[in-house]
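Engineer: If you want the building blocks of each chain, they are given just below.
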Amino acid sequence: MMASFGGALAGGSAAPRRWPAWAIYLRTMGLFCLLWYVMSWLTPNKLLLPSPIDVASAMRDRIEDGELIANATVSLTRLLISVSIASLIAIPLGLAMGTSRLFEDLLEWPVELLRPIAGIAWIPLALFMFGIGNGLPIFIMVYTAFFPLLLGTAAGVRNVDRRLIAAAKTMGVPRGTLMRHVIVPAALPSIMTSARLAVAASWTAVVAAELVGAPSGLGYAIEYYRSMLDTPSVMTFIIVIGVLGFLCDTALRSLSAALMPWALSEKKR
Amino acid sequence: MTLQPAPKIKLAHVRKEFGGTPAAIVAVESLSLDIRPGEFLAIVGPSGCGKTTVLNMLAGLEPVTSGTMTMDGKAISGPGAERGVMFQDYALFPWKTVAGNIGFGLEHGPAGHGLSRAERDARVARVIDLVGLKGSETKYPHQLSGGMRQRVALARLVANEPEILLMDEPLAALDAQTRIILQDELLRIWGQDKPTSERRTVVYITHSIDEAVFLADRVVVLSSHPGRLKRIVDVDLARPRNDETRKSRSFSELSQTIWELIREEAYRATMQ
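Listed in order, the protein sequences are those of chains A and B.
The numbering used here puts the first residue of the first sequence at 1321, with every later residue one more than the last.
The numbering used here puts the first residue of the second sequence at 20, with every later residue one more than the last.
Hints are computed from structural coordinates only; laboratory data are not their basis.
Each residue gets a CB set at the ideal place from its N, CA and C atoms; glycine is no exception.
Any given hint might turn out to be false.
Covered by chain A, per the in silico footprint, the following chain B stretches (three or more residues, Cβ under 8 Å) [as the list claims (entries may be wrong)]:
hint, region
1, 59 to 65
2, 126 to 132
Going by beta-carbon spacing under 8 Å, a handful of chain B positions derived as facing chain A [claimed, not checked]:
hint, residue
3, A78
4, F106
5, Y159
My request is simple: use the sequences and hints to build the entire structure.
Structural biologist: Following this line, the structure appears as structure tokens:
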């Protein structure tokens, strides 16, 4: 994982890399913190931009009083529930859309009209419908995760190599088997990519939804410490959101690699 | 005269167009052909003669535009397990290993009905051995060379034991030595040591005239643009055929005859 991260940082540069990946990573982070420190030192009001040292100490406090773990667990649980619900609805619908003209015609317009509306646009309405609690963030997150999953699955199914379907048909494979053993595995890389997009979008939405409509979670914590004028803690939670988002994507990439050993090495070639 | 059995597959005035009516491209025109049971039929012709289209129609993957195509007297209306296909570009399942690809039809199709798990595995192992893929069972297609992929595709077809084997340039990606070895194997699989009644029916598309003559009972020569039947050449070389056959005078004479039939068009296609 570290290697691919280093690769992403190095970009397409052809020059041989003299530093190991972890050293490059540390160097970049060190430079960033230095820049941050200088900026905060230049800022007259420490409330507006706390220094990295203040944030580090706030982070230690929030770990010690359990706030960080508790709120992160709440948000991650919501993410897991929301993406699971979205997958259970969107993937079968996407398979239907990709294979059946009728489903495609039925769903195309509603989807195209709803898709440009950001999940957070529904927050005010959802406040009436669900009140403050788990309902609102989960609704917003399911909504956000739904479209990438639906469209990614449908596109994956439509792009399945026709020759593979032809090959299975000449072996007399029945329809149901064709779906399960040819179309789904062939569309799986596309489904997994859309799952990564869905998780990323959903994670972005959780913060917005919790800022307004939940009594717990990372978004709620940001809002709470803002009202306390405790900006180092606000920064702490912002950093946690970033790190957890990155870790979720890393976990999904590992899951993809485990599910599709054939697809990963295909890309390496 | 020997008594001719009823044809296994009968093509009558088959025409195939692609595209819309005003600008339709005619791929195959008024093709009539009887394919006899147990015969090894090769189809050769210059590029653009519709060889692959004929094979796809036989497989049931492309409908005929007009004319009829029947198997055992029944119209061919779609793909079926009794007509196995080996595709030119192999069409291997990338998520299946070598063994998984070869056993796919046995696991999910009618070819494996009535076979136990152990019997299916044994057949897959035997076919893997036959095409020389031992040791590569757990590899994925992308880890194989072109020649090895082609052997997987051949093994997948053979494992399903279809009544009719439709093969589209099955040995094209192999090096010369492997090709000769697999030609011999192919004849053995087809059953050249057995009486005609126990042989499978093979329709074999190739661009290699020598290969067509070495393998086939009859060679169908097509002309191009549109694909039409030019001539059917009977290959009366004795069976079983082997290296002696390749050296024989009649082998080279037959190859020469067929080459003369397509030479002009082949040159024209190349120079264009």
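Engineer: Taking the hints in turn, state whether each one holds.
Structural biologist: Each hint tested on the structure:
1. 59 to 65: The restraint on the region 59 to 65 of chain B is violated, since only 0 of its residues have a Cβ under 8 Å from chain A and three are required.
2. 126 to 132: holds (count 4)
3. A78: Constraint on A78 of chain B satisfied, holds at 5 Å.
4. F106: Check passed: Cβ of F106 of chain B comes within 6 Å of chain A, closer than 8 Å.
5. Y159: holds, 4 Å
Of the numbered hints given earlier, the model fails hint 1 alone.
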